[in-house]
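Participant: Residue strings, one per chain:
Protein chains: 2
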Amino acid sequence: MCCADVRCSTVARWQHPIAIDPDAALPVFLQIARAIAEDVRRGRLKRGDALPGSRTLAEELSVHRNTVLAAYRELSSEGWLETKRGGGTFISAELPETAPRAFAPRVASRDRLGFDLAPGAFPHWELPTHPRGTLVLASGVPDARLVPTAPLARAYRRALELSGPALLSYGDPRGALRLREALAAMLSHLRGLPADPASFLVTRGSQGAIDLVARALIKPGDVVAVEALGYRPAWSAFEAAGARLVPVPVDQHGMRVEQLATIKPRAVYATPHHQFPTMVTMSAGRRLTLLELARVHRFAIVEDDYDFEFHYDGRPVLPLASADRAGVVVHVGTLSKILAPGLRIGFVTAPAALLERLTSIRIVVDRQGDLAVEHAVAELLEDSEVQRHARRVKREYHARRDALVEAIHEKLGGVMTVDPPAGGMAVWAKIDPSIDLDAWVTRALAAGVAFLPARHFAFDGRARPFARLGFASLDPRELREAVRRMALALRKRRSA
Amino acid sequence: MCCADVRCSTVARWQHPIAIDPDAALPVFLQIARAIAEDVRRGRLKRGDALPGSRTLAEELSVHRNTVLAAYRELSSEGWLETKRGGGTFISAELPETAPRAFAPRVASRDRLGFDLAPGAFPHWELPTHPRGTLVLASGVPDARLVPTAPLARAYRRALELSGPALLSYGDPRGALRLREALAAMLSHLRGLPADPASFLVTRGSQGAIDLVARALIKPGDVVAVEALGYRPAWSAFEAAGARLVPVPVDQHGMRVEQLATIKPRAVYATPHHQFPTMVTMSAGRRLTLLELARVHRFAIVEDDYDFEFHYDGRPVLPLASADRAGVVVHVGTLSKILAPGLRIGFVTAPAALLERLTSIRIVVDRQGDLAVEHAVAELLEDSEVQRHARRVKREYHARRDALVEAIHEKLGGVMTVDPPAGGMAVWAKIDPSIDLDAWVTRALAAGVAFLPARHFAFDGRARPFARLGFASLDPRELREAVRRMALALRKRRSA
Numbered sequence: 021m022c023c024a025d026v027r028c029s030t031v032a033r034w035q036h037p038i039a040i041d042p043d044a045a046l047p048v049f050l051q052i053a054r055a056i057a058e059d060v061r062r063g064r065l066k067r068g069d070a071l072p073g074s075r076t077l078a079e080e081l082s083v084h085r086n087t088v089l090a091a092y093r094e095l096s097s098e099g100w101l102e103t104k105r106g107g108g109t110f111i112s113a114e115l116p117e118t119a120p121r122a123f124a125p126r127v128a129s130r131d132r133l134g135f136d137l138a139p140g141a142f143p144h145w146e147l148p149t150h151p152r153g154t155l156v157l158a159s160g161v162p163d164a165r166l167v168p169t170a171p172l173a174r175a176y177r178r179a180l181e182l183s184g185p186a187l188l189s190y191g192d193p194r195g196a197l198r199l200r201e202a203l204a205a206m207l208s209h210l211r212g213l214p215a216d217p218a219s220f221l222v223t224r225g226s227q228g229a230i231d232l233v234a235r236a237l238i239k240p241g242d243v244v245a246v247e248a249l250g251y252r253p254a255w256s257a258f259e260a261a262g263a264r265l266v267p268v269p270v271d272q273h274g275m276r277v278e279q280l281a282t283i284k285p286r287a288v289y290a291t292p293h294h295q296f297p298t299m300v301t302m303s304a305g306r307r308l309t310l311l312e313l314a315r316v317h318r319f320a321i322v323e324d325d326y327d328f329e330f331h332y333d334g335r336p337v338l339p340l341a342s343a344d345r346a347g348v349v350v351h352v353g354t355l356s357k358i359l360a361p362g363l364r365i366g367f368v369t370a371p372a373a374l375l376e377r378l379t380s381i382r383i384v385v386d387r388q389g390d391l392a393v394e395h396a397v398a399e400l401l402e403d404s405e406v407q408r409h410a411r412r413v414k415r416e417y418h419a420r421r422d423a424l425v426e427a428i429h430e431k432l433g434g435v436m437t438v439d440p441p442a443g444g445m446a447v448w449a450k451i452d453p454s455i456d457l458d459a460w461v462t463r464a465l466a467a468g469v470a471f472l473p474a475r476h477f478a479f480d481g482r483a484r485p486f487a488r489l490g491f492a493s494l495d496p497r498e499l500r501e502a503v504r505r506m507a508l509a510l511r512k513r514r515s516a
Numbered sequence: 021m022c023c024a025d026v027r028c029s030t031v032a033r034w035q036h037p038i039a040i041d042p043d044a045a046l047p048v049f050l051q052i053a054r055a056i057a058e059d060v061r062r063g064r065l066k067r068g069d070a071l072p073g074s075r076t077l078a079e080e081l082s083v084h085r086n087t088v089l090a091a092y093r094e095l096s097s098e099g100w101l102e103t104k105r106g107g108g109t110f111i112s113a114e115l116p117e118t119a120p121r122a123f124a125p126r127v128a129s130r131d132r133l134g135f136d137l138a139p140g141a142f143p144h145w146e147l148p149t150h151p152r153g154t155l156v157l158a159s160g161v162p163d164a165r166l167v168p169t170a171p172l173a174r175a176y177r178r179a180l181e182l183s184g185p186a187l188l189s190y191g192d193p194r195g196a197l198r199l200r201e202a203l204a205a206m207l208s209h210l211r212g213l214p215a216d217p218a219s220f221l222v223t224r225g226s227q228g229a230i231d232l233v234a235r236a237l238i239k240p241g242d243v244v245a246v247e248a249l250g251y252r253p254a255w256s257a258f259e260a261a262g263a264r265l266v267p268v269p270v271d272q273h274g275m276r277v278e279q280l281a282t283i284k285p286r287a288v289y290a291t292p293h294h295q296f297p298t299m300v301t302m303s304a305g306r307r308l309t310l311l312e313l314a315r316v317h318r319f320a321i322v323e324d325d326y327d328f329e330f331h332y333d334g335r336p337v338l339p340l341a342s343a344d345r346a347g348v349v350v351h352v353g354t355l356s357k358i359l360a361p362g363l364r365i366g367f368v369t370a371p372a373a374l375l376e377r378l379t380s381i382r383i384v385v386d387r388q389g390d391l392a393v394e395h396a397v398a399e400l401l402e403d404s405e406v407q408r409h410a411r412r413v414k415r416e417y418h419a420r421r422d423a424l425v426e427a428i429h430e431k432l433g434g435v436m437t438v439d440p441p442a443g444g445m446a447v448w449a450k451i452d453p454s455i456d457l458d459a460w461v462t463r464a465l466a467a468g469v470a471f472l473p474a475r476h477f478a479f480d481g482r483a484r485p486f487a488r489l490g491f492a493s494l495d496p497r498e499l500r501e502a503v504r505r506m507a508l509a510l511r512k513r514r515s516a
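Chains as they are written, first to last, in the working numbering: chain A, 21 to 516; chain B, 21 to 516.
Bear in mind the hints are in silico, worked out from the structure with no lab data behind them. A portion of the hints provided could be inaccurate.
Said to hold, decoys possible - Derived, one-sided and incomplete: chain A residues facing chain B with beta-carbon distance under 8 angstroms:
| id | residue |
| --- | --- |
| 1 | V48 |
| 2 | A57 |
| 3 | L115 |
| 4 | L137 |
| 5 | P143 |
| 6 | R165 |
| 7 | L172 |
| 8 | D192 |
| 9 | A346 |
| 10 | A372 |
| 11 | L391 |
| 12 | D403 |
| 13 | V435 |
| 14 | V438 |
| 15 | P440 |
Claimed, not checked - From the derived model, a few chain B residues whose C-beta atoms are all more than 12 angstroms from chain A:
| id | residue |
| --- | --- |
| 16 | T76 |
| 17 | D131 |
| 18 | E146 |
| 19 | A257 |
| 20 | L472 |
Glycine residues also receive a C-beta, built at the ideal position from the N, C-alpha and C atoms.
Throw the hints in and build the complete structure from the sequences for me.
Facilitator: Right, dumping it as structure tokens:
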């Protein structure tokens, strides 16, 4: 019947374009529907064209008639087809005219970009490609093998059991109150921060906090002062917000903050506790100067207090935030080091007006955190599970620091000098300037050990005779083996 | 001994400024240390000033001498104090000179802001304040009471047991491969999206995806076209990136896309499947026009496909992304509706170059997702737990839609007209224009039911005789009660 219609010439041309693959993931009826829609897009079927009856098409394609009917229903519900009162199925007259693109290549959309990206310098990411077995003296990664996973899993289950529906729905973008209470209790005690949970915003790790802060403080062109040797991911967040970064040198007392009097930045990003990457603790004098300059010049101090807990010799120095009476310090912390990076739990405490703005931005960025995980972590804090874990890994990292320092003295004595840092998760080693450090790093990688030269952390990207060796993620045996491989790589160079 | 020193005049003035609160959260030794540091900051103690001996101060303050020693150690480690060879403890000579601020008020830093925030219009957030017992016909929230929490908790535990250390450390910012594989398998099958996990980026809910996309596409001043009645949180993300929004009207076929030919935006944000908030499905004709305009004018279509699964009558319409051959569609989806908003798992699939840029930005925003939760959700997808849950809630929401529509017909027949939507989690109700809708909403809230008038979703903020009633988060009994309360509020208004 359909084929008596003049329009069927179209359909005749179209008789067998449908390659059905019974093994494909897409059901057969959808394969048929997609092929028809595709032919409309290409202009091979036009508005008002009749389609063959379902029985005819089913025979042609050797499929069950119901399959064809399902394909037609699919296309009808999408508006491609219309069924006319007298019977018969037609390409909808509502569709716009499409120019035929008969031989348009079938390019997957993934490989084409039909619009332009905004300009912007973002870090390029690649999957790490260290060969299996490489010992990575990474730049400050804790040992996730030590995390008490069973208590975490139990706490997560209890959180869901106790308040599942509330935690799985929309909630407080500042973070679960229970977690903010637990954090406030711990941090007011240990770090002299406010004891009020309303003074905290829980973020996606410290990176999440820094990105929010950058978006709240920076308008394009604003100057942000950073440490000339420093933490690149934080710089990226300020740059992404449009900041122009100005480096400030770092010496044995920390950042040379007096230079900020002439730079007059909008904000300064600093790591005063264990300067990243040099591990220096900012002196009390510099701290007072920094607070005073910020008060006078009205700039914000973004204090990244990422590893407060890991201080081995003497007591940790209280953060700048604990001495802030002018409302100039934005204090960023994280549970990444004390617990686990993968949980992505950080926090920020700041003057109330900024905290409110950060909350507003947070809603735009990702609405809220994972409240179930936040409750689980709160339970671990309430039960002192985190604190016990922190004490345990602090002892362990202390031993690892000593093992690394000893191995360096023993195997790399003439070449590498380290002052054991008072805290942190890495040493900053001075290298004999006659050594070609970049070549050593390359050879060491071939020998199965990865470590980072100062260049990696330098704002100017220039080489310096220093390297950072993280000791937290490897046990003493692994650390000794890592140093052995470093020494081997060095000897190879010498004998070459 | 110390008091024979002339410097002790300072200390004499300073004899009892330390108010010790034994019940405070801060340990006593820290209270003492803070008081001394505070006096240095205020200029009441100066560089080189001697402090009383630990025994003397302990007696004065009626504390154990070890407490004073601990305070001094704290201050020494922070660099405030120095101990001289001949004995005695002094304020460090290294500190900068501080002008005395004798009567500076003790203002907590939280209440002061010592710097300026960047300009920026972000949404203001407040804790929801509906009185307990209010029935909330919210704007598209699933019922978290239906989520299978036990399988989720089990899957989380298994993920930690199987690969805890890897999942708790730093990992792939694109999302766990396992989750991307599970999503790709489901979405290529159901929505005609790419089957390749490398084509997906897992995000923090759809909001996280839209914010990343906005940052990748928009430079300040760029025009983004949005639906004139639409989804405000997405608008905020584009505005935060500096976009100028231009509204495009919506009619019974969806967004009037032909207007984009003159607007020539940099991107268009749209909800073609179930238009938010009007629930209209964009017609096939408009879809083709939209794709063609985007191809010609090189703008991006950000397709928010937030509730694909919830289609009750007929089959869901395949997303624009499944028909994108020009590389113009950025497809955003979420597990918030099909599983739970609290898990914050969304995804985006887009042309490869954009996906790479999104990954770079994601590193800056929050580094990576929660890989343990991502693995847990992947397991629920692999075991078809999510799919079973989706079928179950789809049946349930279908029944709820019918219950709501029926209750409206019955109790609000003359006042409110609803076409049962083919899918989604809300109805878009037409209201008799003679009704004062804002007054009704206010009275309804007093009667214990919250619903949202069209004004809430309108780009121009102007009233229209429509309201959106979400039905997914309340069961049929609750829905009938909600409508009863709405009718009650209306009668009150009439009789008033």
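Participant: Please go over all the hints and tell whether each is borne out by the structure.
Facilitator: Here's how the hints hold up against the structure:
no. : hint : in the structure
1   : V48  : violated, 12 angstroms
2   : A57  : holds, 7 angstroms
3   : L115 : holds, 5 angstroms
4   : L137 : holds, 5 angstroms
5   : P143 : holds, 6 angstroms
6   : R165 : holds, 5 angstroms
7   : L172 : holds, 7 angstroms
8   : D192 : holds, 7 angstroms
9   : A346 : holds, 4 angstroms
10  : A372 : holds, 5 angstroms
11  : L391 : holds, 5 angstroms
12  : D403 : violated, 17 angstroms
13  : V435 : violated, 30 angstroms
14  : V438 : violated, 21 angstroms
15  : P440 : violated, 16 angstroms
16  : T76  : holds, 23 angstroms
17  : D131 : violated, 6 angstroms
18  : E146 : violated, 10 angstroms
19  : A257 : violated, 5 angstroms
20  : L472 : holds, 15 angstroms
Consistency note: the structure conflicts with the earlier hints numbered 1, 12, 13, 14, 15, 17, 18, 19.
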